[in-house]
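Undergrad: Sequence:
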Amino acid sequence: MKFELDTVVIEESCRASALATRIVGAISPSVQVSYVTDGRLAARPLLETHDPFGAGKRRMVVMPRRSAFLMGCPARSTQFACCGYLVLIMASNCPMDCSYCFLQEHLANNPGFQVYANYRDAFDELDRLARAGSGRSFRVGTGELADSLAFDLLTGISRDLVSYFSEHQTLMLELKTKTDEIDNLLALDPRGRTMVSWSLSPM
Numbered sequence: 002m003k004f005e006l007d008t009v010v011i012e013e014s015c016r017a018s019a020l021a022t023r024i025v026g027a028i029s030p031s032v033q034v035s036y037v038t039d040g041r042l043a044a045r046p047l048l049e050t051h052d053p054f055g056a057g058k059r060r061m062v063v064m065p066r067r068s069a070f071l072m073g074c075p076a077r078s079t080q081f082a083c084c085g086y087l088v089l090i091m092a093s094n095c096p097m098d099c100s101y102c103f104l105q106e107h108l109a110n111n112p113g114f115q116v117y118a119n120y121r122d123a124f125d126e127l128d129r130l131a132r133a134g135s136g137r138s139f140r141v142g143t144g145e146l147a148d149s150l151a152f153d154l155l156t157g158i159s160r161d162l163v164s165y166f167s168e169h170q171t172l173m174l175e176l177k178t179k180t181d182e183i184d185n186l187l188a189l190d191p192r193g194r195t196m197v198s199w200s201l202s203p204m
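In terms of my numbering, the sequence shown opens at residue 2 and continues consecutively.
Some hints could be false.
[As the list claims (entries may be wrong)] Pairs of lysine to any residue residues, derived as SDA-like cross-links and limited to a Cα-Cα distance of at most 20 Å, are as follows:
id, residue 1, residue 2
1, Lys3, Gly157
2, Lys179, Leu201
3, Lys3, Val32
4, Lys3, Ser18
5, Lys177, Ile90
[What the hints assert, rightly or not] What follows is a list of derived Cβ distance ranges for each label pair:
id, residue 1, residue 2, range
6, Cys84, Val34, 36 to 44 Å
7, Arg160, Ala69, 16 to 24 Å
8, Ala69, Asp39, 17 to 25 Å
9, Pro30, Thr171, 42 to 50 Å
10, Pro30, Gly134, 44 to 52 Å
11, Tyr101, Ser135, 37 to 45 Å
12, Arg67, Leu189, 24 to 32 Å
13, Cys84, Val37, 33 to 41 Å
14, Asp122, Ala27, 18 to 26 Å
15, Arg41, Val197, 29 to 37 Å
16, Asp190, Cys74, 38 to 46 Å
17, Cys74, Glu168, 37 to 45 Å
18, Arg67, Arg23, 17 to 25 Å
Since the hints were derived computationally from the structure, they do not count as laboratory data. Fair warning: this is a prediction, and the values are worked out from it, not measured in the lab. Note that the Cβ used here is the ideal one computed from N, Cα and C, for glycine as well.
Please construct the entire structure, taking both the sequences and the accompanying hints into account.
TA: Laid out in structure tokens, this is it:
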């Protein structure tokens with residue numbers, strides 16, 4: 002399952018990043034690459050197109066994440082017992098167009114696929130979590146605001162994630178996807194610390 006990109010937009014501050022270099026080296030020569038001062042502007046809808054949201058799904062924006070990578074599950078509530086699931090935001094949006102998906106509305110003002118060049122900073126947050134947990138186990142997933150593997154052949158982020166989690170016995174990684182983009186995972190040894198799950202909805 003391959004997804005087509007029209008454009009990759011890279012924030013100038015990320016031009017020399019390992020992620021930007023990896024993506025530029027992996028994309029088709031037909032994909033236009035441009036550079037901007039602020040990637041947040043490039044993630045907004047292309048209002049001049051007849052389908053701004055759809056056009057955004059074919060535009061990848063490489064930018065820094067300016068807030069925390071790790072957050073509590075947004076579904077938690079004081080009215081229910083919480084399972085303690087944590088969300089790791091490594092990217093935002095999805096190239097698929099499932100009509101039922103909450104991202105269609107939640108990210109309507111930022112339809113560009115955002116991927117964060119400083120994603121390795123997330124490991125510092127996870128280190129602090131593991132230390133503060135004093136041996137408690139945590140489940141951490143990347144599939145809340147983006148499909149975990151949709152563009153992984155370009156970004157290669159899964160390799161770093163699986164490698165990191167394989168060395169932390171109190172942390173379990175969950176990758177959620179609707180794709181078959183598992184090539185980067187096949188040569189890795191997760192040491193029992195990564196789970197991959199699929200949604201089989203026909204849409």
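Undergrad: All hints are to be evaluated individually against the structure, with a verdict given for each.
TA: Hint check:
1. Distance restraint check for Lys3 and Gly157: the Cα-Cα separation of roughly 15 Å lies within the 20 Å cut-off, and the hinted pair is therefore satisfied.
2. Distance hint between Lys179 and Leu201 is fulfilled; the C-alpha atoms sit about 7 Å from each other, no more than 20 Å.
3. For the proposed pair Lys3 and Val32, the alpha carbon gap of about 14 Å is at most 20 Å, so the pair holds.
4. About 24 Å separates the Cα atoms of Lys3 and Ser18, which puts this hinted pair outside 20 Å; it is violated.
5. At most 20 Å may separate the alpha-carbon atoms for a hinted pair to count; Lys177 and Ile90 meet this at roughly 13 Å.
6. The beta-carbon spacing between Cys84 and Val34, approximately 41 Å, falls within the hinted interval of 36 to 44 Å.
7. Separated by about 23 Å at the C-beta atoms, Arg160 and Ala69 satisfy the suggested range of 16 to 24 Å.
8. Against the hinted window of 17 to 25 Å, the Cβ-Cβ separation of Ala69 and Asp39 comes to about 20 Å, which satisfies the hint.
9. Look at Pro30 against Thr171: about 44 Å separates their beta carbons, and that is inside 42 to 50 Å.
10. Distance hint check: the CB atoms of Pro30 and Gly134 are about 46 Å apart, consistent with the given range 44 to 52 Å.
11. One distance hint, 37 to 45 Å for the beta-carbon pair Tyr101 and Ser135, holds here, with the actual separation near 40 Å.
12. At roughly 30 Å, the beta carbons of Arg67 and Leu189 sit within the given window of 24 to 32 Å.
13. In this structure the hint that Cys84 and Val37 lie 33 to 41 Å apart at CB holds, the actual value being about 40 Å.
14. The hinted window of 18 to 26 Å between Asp122 and Ala27 holds, with their beta carbons roughly 22 Å apart.
15. Distance hint check for Arg41 and Val197: the Cβ-Cβ separation is about 31 Å, which falls inside the suggested range of 29 to 37 Å.
16. The supplied range of 38 to 46 Å is broken by Asp190 and Cys74, whose beta-carbon atoms lie about 28 Å from each other.
17. In this structure the hint that Cys74 and Glu168 lie 37 to 45 Å apart at CB is violated, the actual value being about 24 Å.
18. Hint check: Arg67 to Arg23, Cβ distance near 21 Å, so the stated range 17 to 25 Å holds.
Of the numbered hints listed earlier, those contradicted by the structure are 4, 16 and 17.
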